[in-house]
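Protein chains in written order, with our numbering: chain A, 1 to 313; chain B, 314 to 626; chain C, 627 to 885; chain D, 886 to 1144.
Honestly, the hints are just simulated from the structure, not real lab data. Some hints could be false.
The list that follows gives simulated cross-link-like pairs (lysine to aspartate or glutamate, EDC-like), each with its CA atoms no further than 16 Å apart [said to hold, decoys possible]:
id : chain 1 : residue 1 : chain 2 : residue 2
1  : B       : K466      : B       : E426
2  : D       : K1125     : B       : D420
3  : C       : K757      : C       : D728
4  : C       : K710      : D       : E1041
5  : D       : K1126     : B       : D456
6  : C       : K867      : A       : E182
7  : B       : K465      : B       : D420
8  : D       : K968      : C       : D670
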Amino acid sequence: MINMNRELPGLSMKNPVMPASGCFGFGQEYARFYDLNKLGAITVKAVTAEERAGNPVPRVAETESGMLNAIGLQNPGLEHVLQHELPWLEQYDIPVIVNVAGNTMEDYIYVSETVSRVKNVSALELNISCPNVKVGGIQFGSDPAIAAELTKKVKAVSQVPVYVKLSPNVTDIVEMAKAVEEAGADGLSMINTLLGMKIDINTGKPVIANRTGGLSGPAIKPVAVRMIYQVSQAVDIPIIGMGGIHTADDILEFLMAGASAVAIGTANFVNPFACPELISSLETRMAELGIDDVESIVGRSWKTCSSVSLSSR
Amino acid sequence: MINMNRELPGLSMKNPVMPASGCFGFGQEYARFYDLNKLGAITVKAVTAEERAGNPVPRVAETESGMLNAIGLQNPGLEHVLQHELPWLEQYDIPVIVNVAGNTMEDYIYVSETVSRVKNVSALELNISCPNVKVGGIQFGSDPAIAAELTKKVKAVSQVPVYVKLSPNVTDIVEMAKAVEEAGADGLSMINTLLGMKIDINTGKPVIANRTGGLSGPAIKPVAVRMIYQVSQAVDIPIIGMGGIHTADDILEFLMAGASAVAIGTANFVNPFACPELISSLETRMAELGIDDVESIVGRSWKTCSSVSLSSR
Amino acid sequence: MIVEQLRITGQEEIAPRIYRMTLKGDSVQTMTEPGQFVHVKVSDGIDPLLRRPISICDVSQDKQELTIIYRAEGRGTRLLAAKKTDDTLDVLGPLGQGFPLDSLQKGSTALLVGGGVGIPPLYYLAKKLVKRGVNVRTILGFRQSEDIFLEKEFRELGDIVVTTEDGSKGVHGFVTDAMNQADKSYDSFFTCGPVPMLRAVKAAAASDGFISLEERMGCGVGACLACVCEASDASSQEGKKYRKICSDGPVFRAGEVVI
Amino acid sequence: MIVEQLRITGQEEIAPRIYRMTLKGDSVQTMTEPGQFVHVKVSDGIDPLLRRPISICDVSQDKQELTIIYRAEGRGTRLLAAKKTDDTLDVLGPLGQGFPLDSLQKGSTALLVGGGVGIPPLYYLAKKLVKRGVNVRTILGFRQSEDIFLEKEFRELGDIVVTTEDGSKGVHGFVTDAMNQADKSYDSFFTCGPVPMLRAVKAAAASDGFISLEERMGCGVGACLACVCEASDASSQEGKKYRKICSDGPVFRAGEVVI
Ligand SMILES: Cc1cc2nc3c(=O)[nH]c(=O)nc-3n(C[C@H](O)[C@H](O)[C@H](O)COP(=O)(O)OP(=O)(O)OC[C@H]3O[C@@H](n4cnc5c(N)ncnc54)[C@H](O)[C@@H]3O)c2cc1C
Ligand SMILES: Cc1cc2nc3c(=O)[nH]c(=O)nc-3n(C[C@H](O)[C@H](O)[C@H](O)COP(=O)(O)OP(=O)(O)OC[C@H]3O[C@@H](n4cnc5c(N)ncnc54)[C@H](O)[C@@H]3O)c2cc1C
Ligand SMILES: Cc1cc2nc3c(=O)[nH]c(=O)nc-3n(C[C@H](O)[C@H](O)[C@H](O)COP(=O)(O)O)c2cc1C
Ligand SMILES: Cc1cc2nc3c(=O)[nH]c(=O)nc-3n(C[C@H](O)[C@H](O)[C@H](O)COP(=O)(O)O)c2cc1C
Ligand code: FES
Ligand code: FES
């Protein structure tokens, strides 16, 4: 029997796979494809205090093995999420992680406090790393002191564990991770998108109306793996790893890099059944490789071999 | 007639295309495929004061639309380059850019001064951004004050224009660019590789012996375009753009982002004829799009339309 | 809503760079609503990464066959054009909300106005309308005479006017020139094509109608918010201030969204 | 040295996951040196990005045909295995330095030792040696009997011993077990296979010889320095402290490099 269970702060998961924030709405769309109870957990779209219209279109552009997006945190606002989206998720027996965003510390604190009191919310994910909003967000994600201060304040009001979602667009990701760990973060999510751009050579203008966008998909996977490898050795809190995962082998790579669980973003767009298919193929691959417990391979790439049982091929 | 000529500090180029440092040795290998006089210029492998053995193998790994490398600045050392490599290039009538690396400021200054006196050297490219050396290098590339100091010192001794090659692994690329511009840099090269990693799930260990490596290839193109777009608007010195260029349309994208010329790295490995083929297809594409002068589209994505003549399709 | 490997039963270039592809499979039986689209994966791997939205142009339930017509434009559609009979194609769909048929009674008249690759979804619509006993009049706009496609097929279903921008065939000018010249007694219009055309058609129209929009998409199923458009003032009062083109559309009542 | 679109004239699975592919084209006439390799682009696009190095296994100048034998292992070689007759393949080569033939006189004896997918280059070598009048003795190592390939072909050229790790056929054990059991009177050895095997063969050998190395490659032509190995002390005194496997090798004198 392969043990796929994961226990992370606030999250009792039957497998290590969840959709990534912003790539799965509030679950309703993909619930038409499969039973969401198959998921390890669900991370919903970023929630802000007020309703957000987001950026003008076009909001996405395709790049080699990746895509750019600049949705701009469009969301129906806290009230609507409390009244419609979260209650709808009550029918499922999976941990719900709410991604929280804002322009000011007060925004984050207000949304975090409120959302964390909702009974089916298992954890918060502080989105301090969205590259697509003009005010706030971006500064929180690149200044360790500010990120730490925000984390501390949110921790003080949150009823549930707090994960901080890190931006890869920094010189020193380890410094950021340590700062938020010290400030009390229960876990980390990484990575958010890399800031990128695509220009339409026929018009000479950026394809995305917002000009720059966040790069996701397989293209960024090596950067994500590297950052998780570095950070997981420097902190003691668990990491939810993401960035370009498209196959079960990718999941294993992220776990071995040091992630305790993984999130799937862009892959959902390529294949709406991505999450459940990855969960089942992960189990198959683990069997093939003789791995009987997800836990046993977390950080395998840097842990000394003796502590790990991995049969060679 | 399409005007492909480019005039950059120290570089009179008959077209905007040159191979990128480290991807073309000192030219001898690709000279067996075609006449190097077809190139706009040539950038040679990083030169250090002493001979360098580089990193253990494996040194490369393939990733989605990209590759990781950790060559570790292996090179035969300044003496050998002066006696064998640069003289060999004298037979060609193209500008030669020498990529300079080191562990200390003194290293850089010594190599720069010496190399800049060689008669067929047209410019230096200060590699302050190689992610694959343990000492030096990396700090120079992520601290604006140190980068500026290095630039100033090298400028003081160099007989030829100095380009500074920027690392993308920083929070604020514009700050770096402005710092080296102010310190006297004649131009910028960007981007170097993104720091990444790949883990072999069969062994649980990083594929690359050095563990992390530099990500190049189409995967990083959106990051390069974004950084060039940002930096070209903030500085007045020209940019040699690179990072994932594989097609003539990619070259146009880099020029429109704000690069004054481009360099081709990884694409040479995929197709040894990449550079000459790109040069000729660039001319074809410009004709198709009604662009008659490379200069006219540099920075097209952010310049006001009136200053640019680009026939719509 | 499913993802299925449909089998390609035919592929033909019907005008320069315009291809008609027929596909067979079980999911075709759910493709009953004209104006819906399918989200197509053009390669096995991750290059290109995203699916391509293509309208349902025709469906034969007898043959379990779906027809799409597309222009080989960028990388994805060029790869699509390189596929051969008996290859399979990963198709997600049908997606979105199509043209409502019940707004029109038997004996009423519908004006269909299409431009370029906006024309294909109107064909399935025309067939469905004719079946309901609705009179279908069609105006199709092209750049030049070589580009014309589906003319014969639409002619079998009712009156048709073709316009070309260079005047090389039919009415010289745009579809709106033909709209202005022609009989204005129709009960509803249905249009699909480039946004400037949609705007002009809406302005020139003598009735209410429905427009089909395009936008760059991520998921295609309403989850990523890549493809939104603004709801018009009137309709935003009824609820959300935006519409998702992939799941609330691509077809909207002409007054429902800002174009 | 050129890049050419060779036409695939045959593709066959000759053992589990082991494929033999034949290719035809002009550049084949330059492939005269056994031990050289070709650098193959397995897809049209950029996924997978890098070329794959594959040894030249045989060449027929009459038919202008190149044979390669490879194991469908990762993504690239699996894509290669999916190619069909008449597809074209983008091949760069021949690359590198092959096995030197002139070290052996007519009538002398060569021992060829190959393991797994290290075996293919030895076949072209064996043919060339036999043509020179050199006696060829071959030892081929496999995991198990099903994996065996090229046995018949080598047998036609001289003595051959097959070893299997599980003992299911031939000598039970490794190629070095066969080396130790067999006649030690040969003038030179030639070996290709996994590095531990090369080390063991070198240690067990009763003569000088040549080894062919593998390494992950970037350019394949000597420009990127991805594929270096260390020169042995003795040979580094003669010049550079390292060798590029793609251009100085893949074949080296056994004492020239550190393995
Ligand atoms: C609902 C809907 C129905 C459509 N129906 C048809 C049809 O029946 N026939 C037809 O020829 N075309 C149709 N299109 C347009 C078609 O989707 C694009 O032509 C196609 O996606 C372009 O892909 P590419 O690979 O050729 O271009 P690329 O330039 O390689 O595309 C890059 C990215 O941009 C997107 N993109 C580029 N142009 C468009 C566009 N015009 N609309 C939406 N996304 C775009 C692509 O999907 C891809 O994600 C439809 C679009 C939508 C939204
Ligand atoms: C000079 C030389 C000759 C070779 N000749 C043969 C041959 O005749 N038959 C055969 O079956 N194999 C041969 N190999 C090994 C063959 O190159 C690899 O099996 C192949 O590259 C693996 O590619 P993949 O797509 O299956 O694996 P992937 O895992 O997708 O490869 C990922 C990357 O790693 C590289 N790589 C992975 N394994 C190896 C390896 N063992 N050696 C070098 N690069 C590797 C790939 O080239 C690619 O760049 C040779 C290798 C070299 C260096
Ligand atoms: C369309 C889109 C919208 C996203 N929205 C959010 C968001 O609201 N909050 C957030 O923290 N991350 C958001 N992300 C980032 C993803 O959660 C994830 O970190 C990133 O896409 C990398 O994973 P992937 O490569 O698997 O997509 C979004 C990504 C995409 C592609
Ligand atoms: C194998 C390899 C070696 C490189 N060596 C150097 C180097 O010595 N000095 C340097 O400044 N950049 C070096 N680079 C970086 C390239 O010059 C270039 O900046 C980068 O690869 C991005 O361009 P590309 O995507 O076209 O390859 C190297 C890149 C590769 C792939
Ligand atoms: S494409 Fe994702 S919401 Fe429409
Ligand atoms: S692969 Fe580039 S030097 Fe050998």
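Comparing the hints with the structure gives:
no., hint, result
1, K466(B) / E426(B), "10 Å, holds"
2, K1125(D) / D420(B), "22 Å, violated"
3, K757(C) / D728(C), "12 Å, holds"
4, K710(C) / E1041(D), "44 Å, violated"
5, K1126(D) / D456(B), "35 Å, violated"
6, K867(C) / E182(A), "41 Å, violated"
7, K465(B) / D420(B), "14 Å, holds"
8, K968(D) / D670(C), "14 Å, holds"
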